[in-house]
Amino acid sequence: MVESGAELRLSEARAGVAAGVIQAIAGENARLRDDQETAVAALCEPAARVLVVQATGWGKSAVYWAATAIRRAEGAGPTLVVSPLLSLMRDQVGAAGRAGLRAATLNSNNVDAWSGIEQDLRSGAIDVLLVSPERLANPGFGRRVLDSLAGEVGLLVIDEAHAVSDWGHDFRPDYRRVSDVLQHLNPKTPVLATTATANERVTEDVAHQLGESTLVLRGPLARSSLQLAVVDRLSPLQRFAWVVDQLPKLPGSGIVYALTVADAHRLAATVQEIHGRDVPVAAYTGQLEAGERESLEDALRENRLKALIATSALGMGYDKPDLGFVVHVGSPPSPVSYYQQVGRAGRGIDHAIVALLPSDADSGIWDYFATATIPVPENVNRLLHAMESYGPDQPASVPALEAETGLRRTRVELMLKQLAVDGVTERLEKGWIRTGKDWTFDAAHYDGIVAVRRREADIMRAYTRGERCLMQLLQESLDDASAEPCGRCSVCIGALPPPLTAAPDADTVATVTGLLRGEVHVLEPRKMWPGGSFGPRGKIPANLSADTGRSLIYADAPEWREVLAAAFSGGEPPADAIEALQKGAVAALSRWRSTWSSRPEVVVPLAAAGHTAVTAAVADRIAAVGRLERADLTVDRSGYTDDLSSADEARVWRDGLAVDPTTAQTIINRTVLLLVDASSSQWPVTVAAAKLREAGAAAVLPLLLHKRP
1 MVESGAELRL SEARAGVAAG VIQAIAGENA RLRDDQETAV AALCEPAARV
51 LVVQATGWGK SAVYWAATAI RRAEGAGPTL VVSPLLSLMR DQVGAAGRAG
101 LRAATLNSNN VDAWSGIEQD LRSGAIDVLL VSPERLANPG FGRRVLDSLA
151 GEVGLLVIDE AHAVSDWGHD FRPDYRRVSD VLQHLNPKTP VLATTATANE
201 RVTEDVAHQL GESTLVLRGP LARSSLQLAV VDRLSPLQRF AWVVDQLPKL
251 PGSGIVYALT VADAHRLAAT VQEIHGRDVP VAAYTGQLEA GERESLEDAL
301 RENRLKALIA TSALGMGYDK PDLGFVVHVG SPPSPVSYYQ QVGRAGRGID
351 HAIVALLPSD ADSGIWDYFA TATIPVPENV NRLLHAMESY GPDQPASVPA
401 LEAETGLRRT RVELMLKQLA VDGVTERLEK GWIRTGKDWT FDAAHYDGIV
451 AVRRREADIM RAYTRGERCL MQLLQESLDD ASAEPCGRCS VCIGALPPPL
501 TAAPDADTVA TVTGLLRGEV HVLEPRKMWP GGSFGPRGKI PANLSADTGR
551 SLIYADAPEW REVLAAAFSG GEPPADAIEA LQKGAVAALS RWRSTWSSRP
601 EVVVPLAAAG HTAVTAAVAD RIAAVGRLER ADLTVDRSGY TDDLSSADEA
651 RVWRDGLAVD PTTAQTIINR TVLLLVDASS SQWPVTVAAA KLREAGAAAV
701 LPLLLHKRP
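Under UniProt numbering, the residue at position 391 of the sequence shown is numbered 391, and the numbers go up by one with no gaps.
The hints are simulated quantities; they were obtained by calculation from the structure and are not laboratory data.
Treat each hint with caution, since some may be false.
[Claimed, not checked] Pairs of lysine-lysine residues, derived as DSS-like cross-links and limited to a Cα-Cα distance of at most 27 Å, are as follows:
hint: 1; residue 1: Lys539; residue 2: Lys430
hint: 2; residue 1: Lys437; residue 2: Lys417
hint: 3; residue 1: Lys539; residue 2: Lys527
hint: 4; residue 1: Lys430; residue 2: Lys417
[Unchecked claim] Derived CB-CB ranges, DEER-like:
hint: 5; residue 1: Ser123; residue 2: Thr641; range: 53 to 61 Å
hint: 6; residue 1: Arg201; residue 2: Arg591; range: 48 to 56 Å
hint: 7; residue 1: Pro661; residue 2: Thr641; range: 27 to 35 Å
hint: 8; residue 1: Ala503; residue 2: Pro709; range: 22 to 30 Å
hint: 9; residue 1: Asn669; residue 2: Asp636; range: 22 to 30 Å
Only a predicted model underlies this, so the values are computations on that prediction, with no experimental measurement involved.
The beta-carbon is built from N, C-alpha and C at its ideal position, and this holds for glycine as well.
Make the full structure from the sequences, and use the hints.
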């Protein structure tokens, strides 16, 4: 790793091409920064390896547009840019066009255009091709495109390169497929990696992967346009109300980040209900269709929205230079990821407000993320054993491996990608195979990763406590040697910057509470049996199916968070928490009754999550208020764990639930209200409904108190 390149300068002819690019992008008075010129000059040399670690808004993309323009003018092949997000690729295609370059992207949203783009690529009509790391990992793409380009790529760019390192805050196994591209490149092809969020360890790791002669250009990461603040000691409901109060006062337009998809939608709906068109907002998550995400990004960019209330899906690469604020409702698990997200603000203006509203519940999310991507040896060995019967002629599909191992599909997919990084598995066009290479669990390595992530969580705790300058703390977390007190943040000035206030209006809190606790969520019944260890697969017969039901609490709803924590803690549930759930359930039934297939006559509780006292108490209240009979299921939860596959969980409930003769006599030819405490999969609801229908119930209406994420 080399950290000097000051002697590298562009020739007059190359400088003229680069100047034209920079001025087309940033205006006629724009000039290359010293480090930008150094990077471009290095990339004009054969076999160059350059890693640029600079603050957001510094102009990292200008480096590869200028280098591409120079190399194309000198007869080099097209540039291949590996970029993580569709929104980022779309912005980059536009930026390349402004720089006078012809750019295209191959992604899941433009499949119909692939053949034309690939033809233009081969003919030399395209200067820049942008692809995702997932596309790199696709064998069909490799065969059709990479093989034909391998010796012709003029420049390889790895954008958001911290994702290459499993020490990084956003490690993605598919990014490691970049190493495959490096091996197939013409050795003389220059390579550029860029990021704004790499500490010293990540920088060294990425540089090592690029090559020992990598030139590292690292600059100060302080952002003088950002005024950072922490608004602490608010309850989940107060945080929602704070956003409702503050949005009209915040400068310009911006982003409000939520930690979960559910919170993003709930907060957006709350703001819309209270402010209407006066403060236009929309929810933005990775679950939206690409076209809708693109439309929302444009609406914010054009200031037709006051804010997007978003998950981290709106992060890397979204470019709105005049973004006036970023608010976080809940803290990300890492100061590095937090720095990356707040870096969206204040890129082209002198002042932007950044506010963090932490919660005691954040630590649970941090603990999850600290270990979520660490392979479990027992599970890996189970997966590898299941793959032994598959080969190149009949590779394993992910659903088949899920059924054979009993592991959740998302876990199977992640492990396959991680094993591919180590060369233990390989993805073919029709599935996955083992390569024959042995796998060993590198405990010391993964222990180190977990330790790093937990240290980062401790830094976020120090940040939320306001122990010292907020910008300085973020810089130090990225090993920025230039870190010093900023003089602008809420710690440095000893107060929240205007217009921020420490607490929301009490009336707003009451309004938000009423709105949110008034929501009831539709619970669509499962339609298919899972097969596998459960046995039956295919459509659930109509005579065994539940009706469309309702859930009172969805995911980690802030309006119910404190009630859930008290009622479902495992100890003796407090009376006020039970009372809140009883009232909520009765109100939910009242709002639901207009769409019942028939009025319930019997209520049957099922403590699927083990909260027997709570479930029984709510069922008793419903029975009393609605004049319903009470009946019970026989329940054995001994085989249940949280990490079961769909088939295994359905089997556990099939074997653990029974309808005794007394209950069967009570429910015969009658409509049953099935009250379940909590579930994420809905298998206890689905199987219990089938058992009740099989025992003679005319219909089963499920009411799930807590639909877990």
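Hints versus structure:
1. Between Lys539 and Lys430, the direct Cα distance comes to roughly 26 Å. Compliance with the 27 Å bound is thereby established for this hinted pair.
2. Of the supplied pair hints, the one linking Lys437 and Lys417 holds, its CA atoms being roughly 15 Å apart against a limit of 27 Å.
3. Note on Lys539 and Lys527: the hinted pairing holds, with a Cα-Cα distance of about 6 Å set against a maximum of 27 Å.
4. At most 27 Å may separate the alpha-carbon atoms for a hinted pair to count; Lys430 and Lys417 meet this at roughly 15 Å.
5. A hinted range of 53 to 61 Å for the beta carbons of Ser123 and Thr641 is consistent with their spacing of about 56 Å.
6. Between Arg201 and Arg591 the Cβ separation comes to about 53 Å, which falls inside the hinted range of 48 to 56 Å.
7. Taken as a hint, the range 27 to 35 Å holds for the pair Pro661 and Thr641, whose Cβ atoms sit roughly 31 Å apart.
8. Ala503 and Pro709 have their C-beta atoms about 29 Å apart, which keeps the hinted 22 to 30 Å range intact.
9. In this structure the supplied range 22 to 30 Å holds for Asn669 paired with Asp636, their Cβ-Cβ distance being about 27 Å.
This entry satisfies every hint, going by the numbered hints stated previously.
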